[in-house]
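Those protein sequences? They're chains G and R, same order as listed. Note that the first sequence covers residues 1 to 420 in the working numbering. Note that the second sequence covers residues 1 to 420 in the working numbering.
Think of the hints as simulated: they come from the structure by calculation, not from any bench. Treat the hints with care, as some may be off.
Identical copies carry no separate label here, and so any pair may be met within one copy or between two of them.
Listed below are the simulated DSSO-like cross-link pairs for lysine-lysine, each with C-alpha atoms no more than 27 Å apart in a straight line [as the list claims (entries may be wrong)]:
#, residue 1, residue 2
1, K375, K23
2, K277, K59
3, K177, K59
4, K200, K23
5, K339, K177
6, K200, K277
There are 2 protein chains.
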Amino acid sequence: MSVQIHTLSNGFRIVTENMPGLKSASLGVWVGAGGRHERSEQNGIAHFLEHMAFKGTEKRNSLQIAEAIEDVGGYINAYTSREMTAYYVRVLEPDVPLAMDVISDIVLNSVFDPSEVEIERGVILSEIGQSLDTPDDVIFDWLQEVSYPDQPLGRTILGPEERVRSFTRDDLHAFVKEQYTPDQMVLSAAGSVDHDQLVKMAEAAFGGLQRREARVLQPAVYHGGERRVIKDLEQAHFAMAFETASYRNDEIYTAQVFSLALGGGMSSRLFQEVREKRGLCYTIYAQAGAYVDTGSITIYAGTSGSDVAELSTLCIDELRRAADDMSEAEVNRARVQMKAGMLMGLESPSSRCERLARMVMIWGRVPGLDEVVAKIDAVNTGGVVEYAARLCASGVPSLALYGPVAAAPEVGVLANRLAA
Amino acid sequence: MSVQIHTLSNGFRIVTENMPGLKSASLGVWVGAGGRHERSEQNGIAHFLEHMAFKGTEKRNSLQIAEAIEDVGGYINAYTSREMTAYYVRVLEPDVPLAMDVISDIVLNSVFDPSEVEIERGVILSEIGQSLDTPDDVIFDWLQEVSYPDQPLGRTILGPEERVRSFTRDDLHAFVKEQYTPDQMVLSAAGSVDHDQLVKMAEAAFGGLQRREARVLQPAVYHGGERRVIKDLEQAHFAMAFETASYRNDEIYTAQVFSLALGGGMSSRLFQEVREKRGLCYTIYAQAGAYVDTGSITIYAGTSGSDVAELSTLCIDELRRAADDMSEAEVNRARVQMKAGMLMGLESPSSRCERLARMVMIWGRVPGLDEVVAKIDAVNTGGVVEYAARLCASGVPSLALYGPVAAAPEVGVLANRLAA
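So that you can see chain G by itself, here it is in the shape it has in the complex:
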């Protein structure tokens, strides 16, 4: 294992992993500041800030940022999630120092020129429009809102149009000042990279950041409920969620094994029962997602308006059945899928870079593969069955429905069937 971690005196961390044989590298800065770090009136600003990083720094304008990376054939991008913002780049080996210079420049030295703020507002409003035209984006935003109502974690990442219309340069500066603290930032790099070189460059770029007061995150409180919007779409979009463990709780491994067995692949129960045996949908899956203090198991499917009632009931029945007769073979298959998926994913420098950053953010270290494999192997059939039974007894789930969904049962009806 060639993972190396270094912490600067201000708390900024550098994690690297050299991957022999590669001629390229992925590197980026992950910041523990995302949608749920926003106050209500700030909703959308973490994402707005991420956009502004590409709109000009003290030494590069927007075109020069893009040219710096694309002139050497590299690729630069960023994303904002509910708990973090990431700025990352993929380049060939000789261009790692350049990539490091550009990434640190856009993270630290964005100027938020007011005319650029105005232009970018239009871009983000267009991004919101694009999201609203995509039913399976919309439905997951609603599911999140139903699960965590009136809380930072329940709000959208893009923010509501009226907020996006109002943000100013001062708002952006204020959010950076509050949230972009060095102990919440990680430089991660994987592929053809040199640890000492990156530490030296990170020290020069990020070493001067002032440590500040630790932030207090509003704890998530899970609710159940329903949001149903009837619209003339081709498909009835169905999404249902249950609360589960946070990523700081080893129960997340049980949740992941369970979600794979329930709806993680073509051999999973939902895929077999709903799609393969009955032909009710093209897309159906279950997945487990986690945050620092909560998590969720989500089921999604798209079906026709005439099949949405049957599909809803089937999903409930499959959850109940999992609590009855989940087999050793299914649990074993899910464990193997998790382990193999992890191994295959790590052959790519970008997914490895992402994993390093996340592990350092969560644990302050990078658990070895053996350690993770042991935790996956510790999940047994009894534990999965017991976990499924707890989900079934956990009360009202969150439900989001969009399209020709008038015939779908109410969430209370589904909850009763689940508990019966």
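On the provided structure of chain G, position chain R as indicated by the hints.
Below, chain R without anything else, positioned relative to chain G:
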């Protein structure tokens, strides 16, 4: 270069590349039979057939196919494009023989059980519904139809609902018999793979297929024109295409360099002029795509109903400007992007496997990276400018518009502006 190719006596080809250091492999069978090999009354059957491959063979039912691969943590999938259908799998090294057995089984021994055909019909109708709810799927189908009207290449891959409702087991058998001929099939494998082992397995599985008459493909004839559908969507979706070289013509390299400089990244002209300077869109790009006898340069953008007229005109103006003043620096950057993108892509076994299959299908061999790099380097600024001028003079492009698009100029107006 560790690429090895072997041809069986019936014309079936095997191409492999061992990638040292990897613990996994990607392998699959690519078949030169896709949407454009269908007669009008068959439209959608190549894709239907691809679905049926997972619904049962002489020795495995649908669940057993999925379990065989997922029990070892692997991943199996397939896709249908206009010129080919691919069935592929990703597994860890020890499971390559198993993967080969499953892939050859589903490609060769599908039973098309009539009750499974009925069930899968429902799945595909749901997939069509999902596609119709996705504006940027819909608009590309329309663009294709406008570009190649009343021709196999202009039809959708999923097929129209009424055709999908009508297909029978006999229709599926007939399409396989006509199209799945051994000289049109390639087994491709990359990663931790052994050439001799795969040749031996391929010989046993595919060696008995009968060579048949070469098929004649209906040559593509490019048209221009417009399809505009006004609908109450958040975004105005705009897509425009011009005919360009096929992949058998080295001009495709000029087309690709041009499309990168025009709209391939953040430093490209369209991104800078339309998004970065004016904030008119979130998504905008240009790309070059190619078939055996034709190709296209496509521009796509999503914007608001009030900006779609300005955006349309800007795209035309950028095309004209490219024919005037495309710079050496921009062309050089596009060449570097193409080369670096290719190198970085090849670090993944799945993209390498895909490239091997395509190269063998097109050329009967796998051009070395040096050879491809030399062709990219042969594209010069004069050639790109001359190419852009030819596009501008090429007459009426294809145009597809969807959403609040009433204000967009007609295609004839855009064509006149382009030629002016």
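How the hints compare with the structure:
no.: 1; hint: K375 x K23; verdict: between (33 Å within a copy, 22 Å between copies)
no.: 2; hint: K277 x K59; verdict: between (60 Å within a copy, 18 Å between copies)
no.: 3; hint: K177 x K59; verdict: within (20 Å within a copy, 64 Å between copies)
no.: 4; hint: K200 x K23; verdict: within (21 Å within a copy, 33 Å between copies)
no.: 5; hint: K339 x K177; verdict: neither (40 Å within a copy, 40 Å between copies)
no.: 6; hint: K200 x K277; verdict: neither (58 Å within a copy, 36 Å between copies)
When each numbered hint is compared with the structure, violations occur for hints 5 and 6.
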